[in-house]
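Number of protein chains: 2
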Amino acid sequence: MLSKNKIKFIQSLNRKKTRDQEGVFLVEGNKVVLEAVASGFPVKLLAASSSFLKNNRLTATAAKEVVECSPEEIKKASQLKTPQEAIAVVEIPTHQLTNAQLAGEFSLALDFIQDPGNLGTIIRIADWFGIRQVLCSVNSVDCYNPKVIQASMGAIFRVQIHYLDLAKLANEAQESQLPVYGTFLEGENIYTSNLSPHGILVMGNEGNGISPVLAGKIRHKIHIPSFAHGNAGSESLNVATATAICCSEFKRRVV
Amino acid sequence: MLSKNKIKFIQSLNRKKTRDQEGVFLVEGNKVVLEAVASGFPVKLLAASSSFLKNNRLTATAAKEVVECSPEEIKKASQLKTPQEAIAVVEIPTHQLTNAQLAGEFSLALDFIQDPGNLGTIIRIADWFGIRQVLCSVNSVDCYNPKVIQASMGAIFRVQIHYLDLAKLANEAQESQLPVYGTFLEGENIYTSNLSPHGILVMGNEGNGISPVLAGKIRHKIHIPSFAHGNAGSESLNVATATAICCSEFKRRVV
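So the protein sequences, as listed, match chains A and B. Position 241 of the first sequence, counting from 1, maps to 279 under this note's numbering, and the rest follow consecutively. Position 117 of the second sequence, counting from 1, maps to 155 under this note's numbering, and the rest follow consecutively.
Don't read these hints as lab results, they were simulated from the structure. Keep in mind that the hints are not guaranteed to be accurate.
Which copy? The list can't say, so a pair holds if one copy fits it or any two copies do.
Calculated cross-link-like contacts (lysine to aspartate or glutamate; reagent style EDC-like; alpha-carbon spacing at most 20 Å) [claimed, not checked]:
1. K69 <-> E273
2. K69 <-> D153
3. K119 <-> E244
4. K114 <-> E244
5. K69 <-> E244
6. K289 <-> E226
7. K42 <-> E110
8. K289 <-> E273
9. K206 <-> E287
10. K185 <-> D153
11. K46 <-> E213
12. K44 <-> E213
13. K119 <-> D153
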């Protein structure tokens, strides 16, 4: 049984403040909960139906605390419109980022991404393309927001997310010969640009792109050209869409 | 002033049945409403604040009926959490699709896309890549669903959407030498495949991919390879993400 206090606690994880104070985040949905348990991330609480626990051979050791509960209790605790059979409360990891982790890698940097669905989709894209580090400006949406976790589809357990000063990062990277790319309307055509297999690609805010201070530090400005007929096409691509196209273009050349 | 009846009518456009009966769909958001007015699609009703009408120099001829109304009235009629200053009711176009429209073009076909956000994002991607026709299986989500319109960001006015039998379409296309591509787990690596500048690319359902009957008809099976380290990566990409990567790959080669 899931106590009223536990239900309240799970509900409260919708708020960043509570997540930060408690050092945990909420994971929902059968598949992602299973990924959480298998991930090596410490699971503080696993609340699930008896059939879910049985079918997936989850014992009392699957988490620090395993609670068998009813669908109604899950529904009360859930943030989802159509809750599934399991919820997990997982400890927020404390990743350290060193320059050595970025050297020889292709990493993503996100400047003030606001929409949780976009951030989650981008983390999933990063995972697909073997990107280990996603670097977010400190004003970006919190990656432990339940909507980010949902959209990331488990990729949150495989990609390390860091919040830091991107302008400082861009300076340091370029000083150590790691190229920094960014997408700009006036950038060079990505399809005909020279792209390094290692570096950092900066993607900007949904409405405003990369902030001026950061933009000033980026040496390699690239652009996805539109193939629309005449001047009639869309003004821009969604940021997650643009990230996917850029990652595909950087990565396919390494094959 | 927006009458109670008009507010009720606008609200009812959330339902496909009403949209089909009335032959109209709902457009919200300042920018997309302006695109609707400029699109050449007949606008049956434009409801907006006086400042919106004035700032954008919209007169009584901007739509069949122009109603100046208060933010409160817009809010009542709106489907959005944060309504803006304008709403338009636009006539659903009756596009005819001929084989000649597909010959010499690169078109998208969508098999049972269920999520309105995905469909809207895909229409926006199609617009960016100069794709004129998007062909949806009859069981796909309705493209005039307000959430599709939102996500398409005005691209709905530039891309023609058709609902039809995709298996029949694939047969006819291949009979007339138009290649049909589809994404499959067992498909050939898209980055090293021969891709025709003309043809139809089929993308499948979010959970289940392309349906077996249609899959059996597709001669060119392609796949976006994962670059994840080991076997640890995400199982799949979101369908809109995958569509963006495929369109980028088909189109960049034509440049």
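Hints and how they fare:
1. When the C-alpha separation of K69 and E273 is checked against a cutoff of 20 Å, the pair qualifies only between copies, where the shortest distance is 11 Å, while the shortest distance within a copy is 36 Å.
2. Proximity of K69 and D153 under a CA criterion of 20 Å is satisfied inter-copy only: 19 Å between copies versus 23 Å inside one chain copy.
3. In the homo-oligomer, the alpha carbons of K119 and E244 lie at most 20 Å apart only across protomers (18 Å), although the nearest pairing inside one protomer, at 26 Å, exceeds that limit.
4. Taking the shortest alpha-carbon separations for K114 and E244, neither the intra-copy value of 33 Å nor the inter-copy value of 27 Å comes in at or below 20 Å.
5. Taking identical chains as interchangeable, the C-alpha atoms of K69 and E244 lie at most 20 Å apart only when they sit on different chains, with a minimum of 15 Å there against 29 Å within one chain.
6. Taking the closest pair of Cα atoms, K289 and E226 come within 20 Å of each other both inside a single copy (18 Å) and across two copies (17 Å).
7. For the identical chains of this complex, K42 and E110 are intra-copy neighbours only, at 12 Å inside a copy versus 38 Å across copies, given an alpha-carbon limit of 20 Å.
8. With identical chains, the CA atoms of K289 and E273 are at most 20 Å apart between copies only, with a shortest distance of 18 Å across copies and 26 Å within one.
9. In the homo-oligomer, the alpha carbons of K206 and E287 never lie at most 20 Å apart, since the shortest distance is 26 Å inside one protomer and 34 Å across protomers.
10. Within a single copy, K185 and D153 get their C-alpha atoms as close as 9 Å, and across copies as close as 16 Å, so both meet the 20 Å cut-off.
11. For the homomeric pair K46 and E213, neither the shortest alpha-carbon distance inside one copy (49 Å) nor that between copies (61 Å) is at most 20 Å.
12. In this assembly of identical chains, the alpha carbons of K44 and E213 never lie at most 20 Å apart, being 49 Å within a copy and 62 Å across copies at closest.
13. Proximity of K119 and D153 under a CA criterion of 20 Å is satisfied in both settings, with 19 Å inside one chain copy and 14 Å between copies.
Checked against the numbered hints listed earlier, the structure breaks hints 4, 9, 11 and 12; every other hint is satisfied.
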